[in-house]
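Got chain A; can you put chain B on it based on the hints?
There are 2 protein chains.
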Amino acid sequence: MPKPRLYINDVAVRDGFQIEKAFIPTATKVSLIDELSATGLAKIEVTSFVSPKAVPALADANEVLAGIERVPGVVYVALVPNIRGVQNAAATGAKPDELNGVMSASLTHNRANINRTHEESLAEVPAMVRIAHEAGMTMSMSLSTTFGCPFEGPVSEDAILRFVEAFLAAGVDGISLADTTGMANPRQVEALTRKVLERFPPRDETFYTLHFHNTRGMGLANVVAGIAAGVRSFDGSIAGLGGCPFAPGATGNICTEDMVNMLQDMGYETGVDLDRLIACARRVPAIVGRDTPGQVMKAGPSLETHAVPESLKERI
Amino acid sequence: MPKPRLYINDVAVRDGFQIEKAFIPTATKVSLIDELSATGLAKIEVTSFVSPKAVPALADANEVLAGIERVPGVVYVALVPNIRGVQNAAATGAKPDELNGVMSASLTHNRANINRTHEESLAEVPAMVRIAHEAGMTMSMSLSTTFGCPFEGPVSEDAILRFVEAFLAAGVDGISLADTTGMANPRQVEALTRKVLERFPPRDETFYTLHFHNTRGMGLANVVAGIAAGVRSFDGSIAGLGGCPFAPGATGNICTEDMVNMLQDMGYETGVDLDRLIACARRVPAIVGRDTPGQVMKAGPSLETHAVPESLKERI
Chain A
1 MPKPRLYIND VAVRDGFQIE KAFIPTATKV SLIDELSATG LAKIEVTSFV SPKAVPALAD
61 ANEVLAGIER VPGVVYVALV PNIRGVQNAA ATGAKPDELN GVMSASLTHN RANINRTHEE
121 SLAEVPAMVR IAHEAGMTMS MSLSTTFGCP FEGPVSEDAI LRFVEAFLAA GVDGISLADT
181 TGMANPRQVE ALTRKVLERF PPRDETFYTL HFHNTRGMGL ANVVAGIAAG VRSFDGSIAG
241 LGGCPFAPGA TGNICTEDMV NMLQDMGYET GVDLDRLIAC ARRVPAIVGR DTPGQVMKAG
301 PSLETHAVPE SLKERI
Chain B
1 MPKPRLYIND VAVRDGFQIE KAFIPTATKV SLIDELSATG LAKIEVTSFV SPKAVPALAD
61 ANEVLAGIER VPGVVYVALV PNIRGVQNAA ATGAKPDELN GVMSASLTHN RANINRTHEE
121 SLAEVPAMVR IAHEAGMTMS MSLSTTFGCP FEGPVSEDAI LRFVEAFLAA GVDGISLADT
181 TGMANPRQVE ALTRKVLERF PPRDETFYTL HFHNTRGMGL ANVVAGIAAG VRSFDGSIAG
241 LGGCPFAPGA TGNICTEDMV NMLQDMGYET GVDLDRLIAC ARRVPAIVGR DTPGQVMKAG
301 PSLETHAVPE SLKERI
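Quick mapping for you: the protein sequence lines, in order, are chains A and B.
Numbering of the first sequence is given in the working numbering, commencing with residue 1 and proceeding in unit increments.
Numbering of the second sequence is given in the working numbering, commencing with residue 1 and proceeding in unit increments.
Since the hints were derived computationally from the structure, they do not count as laboratory data.
Computed from a prediction, not measured in an experiment: that's the story for all the values here.
Be a bit skeptical, because a hint or two may be false.
The list treats identical chains as one, so a pair stands whether inside a single copy or across any two.
[Unchecked claim] List time: in silico DSSO-like cross-link candidates among lysine-lysine, alpha-carbon distance up to 30 Å:
(1) 3 / 298
(2) 95 / 298
(3) 53 / 195
(4) 298 / 195
(5) 53 / 95
(6) 21 / 298
(7) 53 / 3
(8) 195 / 3
(9) 21 / 95
If we strip away everything but chain A, and leave its shape as in the complex, we get (with noise of 0.2 Å):
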């Protein structure tokens, strides 16, 4: 049986970057999105249109979609919180080819994170939608907190159908399942993402993406879940940056590199060029000035062997 083609998308400029409190320059921003855009990844997050207030370290969006080189095939996504993250994104020079829009699952979440009710959430998406669309842009929505959430636990599975259902309704171009902190497990993963795959199947293979934290070590292991269930489209970021506000010293999002290493060594097809991917991940360290959580950065490709040691050389 031919194993699926799989899609490998970044978001460590945006998801990783957001959080670092000293501003990474924009000609660093749109250099590193530039090298990205060579490897063969499906997508790259390259910004967000929030307040410069709220996220200070994203505040050059313009300029950073203004700056990079477009590679055909490439999709450069820029995350939305609100209606208003719509319209700034629409009236820009350089457009984003998507937008991804964030609500959580959790009430707890949505009202410390973006600060509405699910109601109020819900009811700006259908807007969202059109006005993205009439820019020529796609439009797709993030659930966070899908898997749990750090504030209330456990989120039902019908809940998250429920969303899924009202973001169908709202037309959509894609869903974005989240595991916000890093709760989720292979199991629980399989199980929900299967029943929403079976209730709602896809209208093409990127249609649903997995974002995955890799906070309690179980990211691999739910993407390997995943795939298992259907899905072909999964976020990571280069290097392993991100965190998690909750857990310091935690890992946040799943690495890129280490997805793809072990997705190729599994057989599968992700149309990346590790090699490249790993020489961007590389140059994460410096640019935000302490180490980084991803492994195949240090330890190398799985099938890059060795010389023996000098030391054990007069035993062979």
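Structure of chain B alone, referenced to chain A:
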């Protein structure tokens, strides 16, 4: 369908501490092992009978074994690289319950690690089993580089099956398949261990053990794959202690409490008290004098909820 009971072993005091440059005091080792004994682990690998010149960090094998308090039901294991190690373990006053012999599936690694050809290594196993049994200890064998060799690359499945057959012919009490440098991927783990278990069915649930490293982030995904193939016994290292000599900065063994957290979330019974295990892991950074790769020790168990941050409370 009831979920299978799983058996969790910790190797931090041996596999982790053996590479520490500063000698960890015997009393610290004993106190940590005693605390681990109360967590519900199936086995604890507490030391090695190796040349104190080769591994000075574990030169206190006799003292550690004499100092710990044995908890009924917990199997205390010591690693032995050869017949001399078995003889030394048999001669000590407070013997381990089980010895774990090691050899490598790849010739280059076997020569580099224990300075023997495969024939020389295999020829010793029957005598190791006999001496261990005469001294009232069980004797298991670990096969390093089962899933790949850092010098040679891939190792053939047929080679692994031949080693397993030879170990069984020698009368071993258990076999551990070890991914010494984190090269295994989930597809490979499921395929190879399924072949081993079908060809040589285990005589009990803990006959086969999988020993993974997380060098490339795939460790917990490999555990899930191993369970699917029918393995029930898994090694880990609290706090993710351990390392890989060919990957400076990369993690070593998979983290025991991260594994237990995942397995409990998935609904498996491990017999392990996760909170107590996390308490043990949280002692480790102070003991080794640096941060350790474990995630759950930083983030807490998946379903430990958090208070809403003060700064967000007015919104809720």
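Note to self: Are any of the numbered hints broken by this structure? If so, which, sorted upward?
What the structure shows: Hints 2, 3, 4, 7 contradicted; others consistent.
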